[in-house]
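Student: So the sequences go chain by chain: U and H. Just so you know, we're using this note's numbering here: the first sequence kicks off at 2 and counts up by one. Just so you know, we're using this note's numbering here: the second sequence kicks off at 154 and counts up by one.
Just to be clear, a hint being listed does not mean it is correct.
Sample of chain H residues with no beta-carbon within 10 Å of chain U, all distances over it, derived [what the hints assert, rightly or not]:
| no. | residue |
| --- | --- |
| 1 | 205 |
| 2 | 210 |
| 3 | 240 |
What follows is a list of derived Cβ distance ranges for each label pair [unchecked claim]:
| no. | chain 1 | residue 1 | chain 2 | residue 2 | range |
| --- | --- | --- | --- | --- | --- |
| 4 | H | 227 | U | 681 | 40 to 48 Å |
| 5 | H | 173 | U | 626 | 22 to 30 Å |
| 6 | U | 656 | H | 241 | 20 to 28 Å |
| 7 | H | 241 | U | 636 | 51 to 59 Å |
| 8 | H | 176 | U | 623 | 18 to 26 Å |
| 9 | H | 209 | U | 651 | 39 to 47 Å |
| 10 | U | 651 | H | 176 | 19 to 27 Å |
| 11 | H | 209 | U | 666 | 28 to 36 Å |
Please keep in mind that the hints were generated in silico from the structure rather than gathered at the bench. For glycine and all other residues, C-beta sits at the position ideal for the given N, C-alpha and C.
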Amino acid sequence: MNPMPWSATFFIPLLPFAGFLINGTLGRRLPRVVVSTVALLFTALPAALVAWLWKTMCATGAPSSVESTIHPSGFDWINITGLHIDFAFAVDHLTLIMLAVVTGVGFIIHIYSVGYMAHEEGYWRFFAYLNLFMFFMSLLVLAANFLLLFVGWEGVGLCSYLLIGFYFKKYSAASAGKKAFIVNRIGDFGFLLAMFLLIVHFGSLDFKEIFSILAQNPEWQQQGAHFLPTIALLLLLGAAGKSAQIPLYIWLPDAMEGPTPVSALIHAATMVTAGVYMVARCHPLFNSSPLALTVVALVGAATAIFAASIGMVQHDIKRVLAYSTISQLGYMFLACGVGAYAAGIFHLLTHSFFKALLFLAAGSVIHALHGQQDMRWMGGLRTRTPLTFWTMSAGVFAIAGIPPFAGFFSKDEILYRTFTSPNPLHIVLWLVGLLTAGMTSFYMFRLWFKTFFGEPRFDESASLDLHGAAVHARSSSTLTLEADDQGGTMHSVHESSWIMLLPLVLLAILSVAGGWVGIPAALGGNNQIEHFLDPVFANGTAGEGIAAMTGHGLELVLAVISVLVALVGFYIAYVFYYEKPGTAAALAERNKAAYSLVKNKYWVDELYGAFLITPMLMFTRISELIVDHGLVDGSGAAAGATTRGLAWLTRKQISGNIRSYAGWLAIGAAAVIALMIFGNVLKGPL
Amino acid sequence: MVPTAYYLILAAMLFSIGIAAFLIKRNVITIFISIELMLNAVNLTFVAFAHMWHQVSGQIFVFFVMVVAAAEAAVGLAIILSIFRTRQTLNVDEIDLMKS
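Taking the hints into account, I'd like the entire structure generated from these sequences.
Tutor: Laid out in structure tokens, this is it:
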């Protein structure tokens, strides 16, 4: 084999980019078969490359070796005095896992999209954007320095914007895209400031270099150098924007306006986890500041429970999943905040499987119901769409944390590591995490029961109902259906085509088995994923030591508790939505204030609107009047008016009348003579 | 002997009449005549000063001016003729093609 096989890593982002160029430029004229072939081929090849890379890396660099990072030769990118940045990639075990998620899950979702988008306008555009996203995302995870990571970071943000606003003719979709983009800018602002501070204090943006400088200067940490927490917190702000954490989570629920495969790929499996990846990648920086770590844990825990509570009362199937995503991302941040980066990445991995599955299955349900997204108009789909039901069940059980599904192991690992962490707040954080686990289980089974069990509610003539009319208006634009299609075919609820079901089956298998790579020692496994990541988080993991201290008993007890909580969530959902379907409504009726608070998402959007956006808009209005209309437009208009006035004056001279010319000539001559005669008198000899 | 100032005052009067006629009159030929009047007013000052300083150069200037005036009269009358042929008028107010 080639002695420098690592240059092949450059092809992992470049191939999807080639796919983007082909589909983006020629796609409009190409038949759909060719467009999808190109898109699939240029995502399948990087996936194969990653598989090969994984195999080679595991063969050469054993997980125990310290020098496990591979630097494929890059080239100079920015080279000025005091700052040198390479266009370089680095592959370590963390990157490998992320690459596997991005290319693997990405490829599966590409397959699904071929079926899901088959009847949409702008088919080529969709796949061009999707391939562009794959390019930027692999660039993001491969980057060997902050700046290259930032390029990928911004790129995926752009693709997210483009794909949320894919149905750009729909006002809500276009504005949701803008919202996502603008909210992300706030986070990116933090990221940029962090990069500037890194350049100031470290003189470099290279991960390896920064972390080695940090390791060589332990006195910074002891003396409490204030720039370390500042950098870490600014990075956290960037991560919070991208990964939809408090206070910047508001864009993700609206992002559900995009096509469902996009929600699965970008807003569940890959892009939104970039923040977690970034925090994990910068773990030495975060480890150096206990304050920043605590903030990370608090933000994560708060987001987890906050989003879960909103998710419990949503009616739109995709919004439930969106809030669930925010909540699960909160878990990952919680894990990072207590120093359990490997557990966070493990949850990232399993979450990407089961949440992609849930979204795709939800897409299949929506497809079957011709665009209906409201769970109040679903029900009884178990027999109509059996394969969707079974695969989605795997996802639901996985996210709810029922063993032996994937989510159980990763969530349990996070809860265990939170409980045993040295953080003074660890019990509170653990309780919040546990409560969130119960809520997660509740809202997922709520979704499950409402969608697949009970009486079918979708063939009622919903259009008579006021709310139903609104839903219809939305659904008809979500899927470009003919108006007469709506009423007539509501009865012909059907299972999706095989090309949509195949990805569901693949992801269902992963959702069941994906967690088995991280079976903790307490349950007879050896937590392979944590050992796999050991070279990356060598400084961060202290889990083995804690386990040795407390033994496996505690871990088992905690696991049993979290399973019990999940079962309680299941039972409540069972009672509310299966056994006695009216219970939930009655409960909501009794606690009207609390219910409407949660139902309206705690009015966070409205609060932001009142306290941030309205004053800002007012400020821009005033600036528009004073600066734009007053100064900028005014100076231009004044210059124009002056010129025009002068022109008017001089134009009067050019009358075309010979005698007026002669008159001017005579006046001029008289003036010269007068000057010659009286000039001497006025100011001496001329 | 008549003082030089008398000649100069006469020349100034002739020149002023020329200017006034040039500005007031509408007929091209009248304007043309007023130009001749101004030229001759200048000639008169030249001759007057030549006589006063006993210098010949002033009188030589006068000959030059006369030659130029004769040439100008020939060209000018030709222009006037062609204007009349094309426009059927000699009113300067109507000759305004250059007016913007």
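Student: Identify every previously stated hint that the structure contradicts and give their numbers, smallest first.
Tutor: Hint check: 5, 8 fail, others pass.
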